[in-house]
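*Asks:* Take a look at the letters that make up each chain.
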Amino acid sequence: MLLSPIWKACRMRKLLFLLCFAGGPALADFPETVRNHILPGYAAFDLAAQELAKSADNDCTAQALRPAFNAAYDAWIGVQHLRFGPVEENGIGLSITFWPDPKGSGAKAQRALLTGDQARLQPETFAQQSIAARGLTGMERLLYPKDTLPADPCALIRATAADLARTAALINSAWTTQYAQIVLTAEQPGNTTFLTQTEVRQVLFTQVISGLEFILDQRLGRPLGTFDKPEPARAEAVASGRALINVRLSLAALRAMVETMTPDVPLTMAAFDRAQMLADGLDDPVLAGVSAPASRLKVDILHQAVSALRDTALAELGPALDVALGFNAADGD
Amino acid sequence: MATRRAFLAGLAAAGLPRLGWADIGSPAYLAAGKAGEAFVLHGLSADGRSLFQIALPGRGHAAAAHPAQSLAVAFARRPGTFALVIDCASGLTQHHLVPPPGNQFNGHGAFTADGAVLLTSEVVAEGSAGRIGLWETEGFTRIGEWKSHGIGPHDIKLLPNGHLIVANGGIQTDPTDRTKLNLSVMRPNLSVLSEGGDLLDQITLPDLPQNSIRHLALTQTGAAFAMQWEGDASDAVPLLGLWTPGKPVQTCPMGAAEVAAMSGYAGSIAVSKVDGTIAITSAKGGAMVIFDRTGSVRKTFRRADLSGVAASADGFIVTDGSGAVWACDGTSLTLKARHETLWDNHLIALV
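Those protein sequence lines, which keep their order, are chains A and B.
Residue numbers for the first sequence follow my numbering, so the first one is 1 and each next one is one higher.
Residue numbers for the second sequence follow my numbering, so the first one is 1 and each next one is one higher.
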């Protein structure tokens with residue numbers, strides 16, 4: 001009885017955590033998400049993108065570049081779910097992985113770059129090219145071409161890698177020199193980006209939910225199609241064989257993010273466990289199995305597990321952070 | 001305030017002439033929202049202060065303001081179970097409008113320029129066929145209805161010549177739970193109806209039948225309209241269109257980055273009185289895109305749950321789902337006020 005107001009206060013105000021749980025669970029709130037998830041994630045992606053650009057300068061053959069390409073892609077999936085802040089500027093985030101691209105606008109733009117005026121590959125001009133043509137999705141089409149490319153891709157590979165390295169450095173530096181501070185000083189006078197700390201928690205919560213929905217609707221939903229009309233060709237990064245690994249890495253990244261947000265969401269963690277176990281157990285690297293009933297069932301079960309995970313996070317993580325999806329965003333008109 | 005309210009209520013009860021907007025502090029905007037667990041309608045000043053707050057029986061959506069008297073009609077979120085005629089001076093509900101059996105309100109309405117008639121967007125609950133309800137404004141009794149000439153009408157606006165423009169969103173919904181029932185065959189349209197309800201003009205979007213035309217703002221020559229894309233989320237489709245009745249319709253392309261920012265969804269729209277620029281907001285994307293008057297993209301602004309937008313003296317005023325009111329001059333968002341009320345979809349400018 002006597003303790004209950006203190007327990008209540010603990011639930012309400014993370015600031016009291018130290019007082020209530022001296023020696024207890026590690027502190028987890030939005031500053032930890034910034035310091036332990038977002039900043040290291042972007043730093044790792046920056047590093048991997050610089051490595052890829054360096055490798056491309058040394059040797060632009062597909063065979064030589066694929067390991068560095070995959071390392072950069074892995075690192076990007078570690079932060080791709082973060083769709084606020086610097087990545088929002090001028091479609092930067094979208095330019096790194098422009099997928100889905102149902103009209104094939106990226107491939108079209110790349111063909112024009114391969115055969116057109118090579119001056120367009122200069123860094124300043126290349127940065128102005130279609131966001132669909134650049135980034136990791138652009139690079140994948142050059143390193144794992146479906147058909148013979150219409151011209152030697154070496155110059156375009158180097159330009160794409162350099163542009164990706166520039167972009168990765170830009171995001172990393174924008175976060176370290178500026179945006180992290182904006183997030184960490186939420187609610188302080190003069191901060192018009194985050195009027196309250198709750199707004200930060202809500203943005204982070206939204207990233208988790210949208211990240212799960214991207215796995216659900218795009219990474220798994222697109223190839224699943226309908227039972228009568230499965231769409232294996234619509235899976236992500238089929239050429240480089242990354243469809244499933246992108247699901248696994250993004251689940252892991254989202255889980256790691258949630259761990260920095262709050263120590264107290266056991267049901268969400270259990271739902272992550274289940275989805276990750278199913279994804280790890282799936283022997284279907286490009287999700288081609290969606291076309292045959294037995295193997296489709298396994299992808300479907302994973303899809304259902306991610307759906308349950310999303311629902312659990314909405315029901316448990318939201319209240320734990322004292323936030324919900326946006327009042328209007330969640331509703332529509 | 002209670003005393004003043006009581007006094008004004010007394011005036012109203014005494015059958016004295018109805019009060020005008022100036023008599024109650026000249027609010028510039030009406031906005032519905034949620035305060036704690038209660039749903040409310042606010043009158044806001046030009047700089048975003050709340051001048052009055054009136055309880056609503058459920059979640060509101062948009063409102064229509066009488067052109068002269070301080071009367072507002074608050075519409076429920078669709079499918080609409082209520083439309084309340086509220087005396088904003090006393091805070092009292094004067095009339096509780098009920099659509100005819102089988103019809104539902106659909107979120108929006110408009111007064112004629114002389115204030116004599118209220119028009120309400122409605123659907124026949126089974127099948128979502130569109131109707132425009134007509135109400136006289138002395139006693140707010142039903143005086144008739146027209147076909148809206150489409151499925152699922154949402155926003156309606158009176159053109160300066162007295163014609164009515166209707167955004168027939170094209171979506172058939174389940175009468176009880178808003179489930180969308182006809183996305184593969186939907187066909188939205190914009191219709192212009194005469195003062196007698198006859199169809200004068202209509203456009204569709206043959207190349208984009210899954211782009212639901214839902215919200216309207218008047219321009220110098222016609223209307224700007226905001227759309228919500230029901231097709232493949234990865235298609236970069238336009239969300240803004242411009243139409244001068246009698247002429248071909250124009251849709252306004254956006255870059256992939258802007259389309260992604262808006263998440264294929266434009267929820268509110270306004271046209272600046274200063275320079276004719278057009279703002280569309282997306283609560284789903286947490287963004288607002290400003291276009292010039294010809295429909296070219298100018299700038300994108302980010303803010304979670306931005307939704308209500310209306311013209312202001314220096315551009316736009318914008319509300320969000322966390323209670324903030326922002327001014328936008330086309331180059332930046334400036335915080336004007338913060339409230340405990342989470343602002344709902346629309347911000348309605350008073351004339």
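Please note: incorrect hints may appear among the correct ones.
[Said to hold, decoys possible] DSBU-like mimics (lysine-lysine), calculated; alpha carbons at most 35 Å apart, straight line:
{"#": "1", "chain 1": "B", "residue 1": "LYS147", "chain 2": "B", "residue 2": "LYS34"}
{"#": "2", "chain 1": "A", "residue 1": "LYS298", "chain 2": "A", "residue 2": "LYS229"}
{"#": "3", "chain 1": "B", "residue 1": "LYS247", "chain 2": "A", "residue 2": "LYS103"}
{"#": "4", "chain 1": "B", "residue 1": "LYS147", "chain 2": "B", "residue 2": "LYS157"}
{"#": "5", "chain 1": "B", "residue 1": "LYS180", "chain 2": "B", "residue 2": "LYS299"}
{"#": "6", "chain 1": "B", "residue 1": "LYS147", "chain 2": "B", "residue 2": "LYS299"}
{"#": "7", "chain 1": "A", "residue 1": "LYS108", "chain 2": "B", "residue 2": "LYS34"}
{"#": "8", "chain 1": "B", "residue 1": "LYS336", "chain 2": "B", "residue 2": "LYS299"}
{"#": "9", "chain 1": "B", "residue 1": "LYS299", "chain 2": "A", "residue 2": "LYS108"}
{"#": "10", "chain 1": "B", "residue 1": "LYS247", "chain 2": "B", "residue 2": "LYS299"}
{"#": "11", "chain 1": "A", "residue 1": "LYS54", "chain 2": "A", "residue 2": "LYS298"}
{"#": "12", "chain 1": "B", "residue 1": "LYS299", "chain 2": "A", "residue 2": "LYS229"}
{"#": "13", "chain 1": "B", "residue 1": "LYS157", "chain 2": "B", "residue 2": "LYS247"}
{"#": "14", "chain 1": "B", "residue 1": "LYS247", "chain 2": "B", "residue 2": "LYS336"}
{"#": "15", "chain 1": "A", "residue 1": "LYS54", "chain 2": "A", "residue 2": "LYS229"}
{"#": "16", "chain 1": "B", "residue 1": "LYS147", "chain 2": "A", "residue 2": "LYS103"}
{"#": "17", "chain 1": "B", "residue 1": "LYS273", "chain 2": "B", "residue 2": "LYS336"}
{"#": "18", "chain 1": "B", "residue 1": "LYS273", "chain 2": "B", "residue 2": "LYS34"}
{"#": "19", "chain 1": "A", "residue 1": "LYS146", "chain 2": "A", "residue 2": "LYS298"}
{"#": "20", "chain 1": "A", "residue 1": "LYS298", "chain 2": "B", "residue 2": "LYS180"}
{"#": "21", "chain 1": "A", "residue 1": "LYS103", "chain 2": "B", "residue 2": "LYS299"}
[As the list claims (entries may be wrong)] Sample of chain B residues facing chain A (criterion: CB under 7 Å; computed from the structure):
{"#": "22", "residue": "GLN202"}
{"#": "23", "residue": "PRO206"}
{"#": "24", "residue": "THR277"}
{"#": "25", "residue": "GLY321"}
[Unchecked claim] Sample of chain B residues lacking proximity to chain A, with all beta carbon distances greater than 10 Å (derived):
{"#": "26", "residue": "THR93"}
{"#": "27", "residue": "ASP292"}
{"#": "28", "residue": "ASP314"}
{"#": "29", "residue": "LEU342"}
Worth flagging that the hints you see were computed from the coordinates, not collected in a lab.
The beta carbon of each residue, even a glycine, is placed where N, CA and C say it ideally should be.
*Asks:* Each hint needs a verdict: does it hold in this structure or not?
*Replies:* Now the hints, each set against the structure:
no.: 1; hint: LYS147/B <-> LYS34/B; verdict: holds (33 Å)
no.: 2; hint: LYS298/A <-> LYS229/A; verdict: holds (17 Å)
no.: 3; hint: LYS247/B <-> LYS103/A; verdict: holds (30 Å)
no.: 4; hint: LYS147/B <-> LYS157/B; verdict: holds (15 Å)
no.: 5; hint: LYS180/B <-> LYS299/B; verdict: holds (32 Å)
no.: 6; hint: LYS147/B <-> LYS299/B; verdict: violated (38 Å)
no.: 7; hint: LYS108/A <-> LYS34/B; verdict: violated (48 Å)
no.: 8; hint: LYS336/B <-> LYS299/B; verdict: holds (20 Å)
no.: 9; hint: LYS299/B <-> LYS108/A; verdict: holds (27 Å)
no.: 10; hint: LYS247/B <-> LYS299/B; verdict: holds (27 Å)
no.: 11; hint: LYS54/A <-> LYS298/A; verdict: violated (40 Å)
no.: 12; hint: LYS299/B <-> LYS229/A; verdict: violated (40 Å)
no.: 13; hint: LYS157/B <-> LYS247/B; verdict: holds (18 Å)
no.: 14; hint: LYS247/B <-> LYS336/B; verdict: violated (39 Å)
no.: 15; hint: LYS54/A <-> LYS229/A; verdict: violated (43 Å)
no.: 16; hint: LYS147/B <-> LYS103/A; verdict: violated (38 Å)
no.: 17; hint: LYS273/B <-> LYS336/B; verdict: holds (19 Å)
no.: 18; hint: LYS273/B <-> LYS34/B; verdict: holds (29 Å)
no.: 19; hint: LYS146/A <-> LYS298/A; verdict: holds (27 Å)
no.: 20; hint: LYS298/A <-> LYS180/B; verdict: holds (29 Å)
no.: 21; hint: LYS103/A <-> LYS299/B; verdict: holds (26 Å)
no.: 22; hint: GLN202; verdict: violated (22 Å)
no.: 23; hint: PRO206; verdict: violated (18 Å)
no.: 24; hint: THR277; verdict: violated (20 Å)
no.: 25; hint: GLY321; verdict: holds (3 Å)
no.: 26; hint: THR93; verdict: holds (23 Å)
no.: 27; hint: ASP292; verdict: holds (19 Å)
no.: 28; hint: ASP314; verdict: holds (18 Å)
no.: 29; hint: LEU342; verdict: violated (4 Å)
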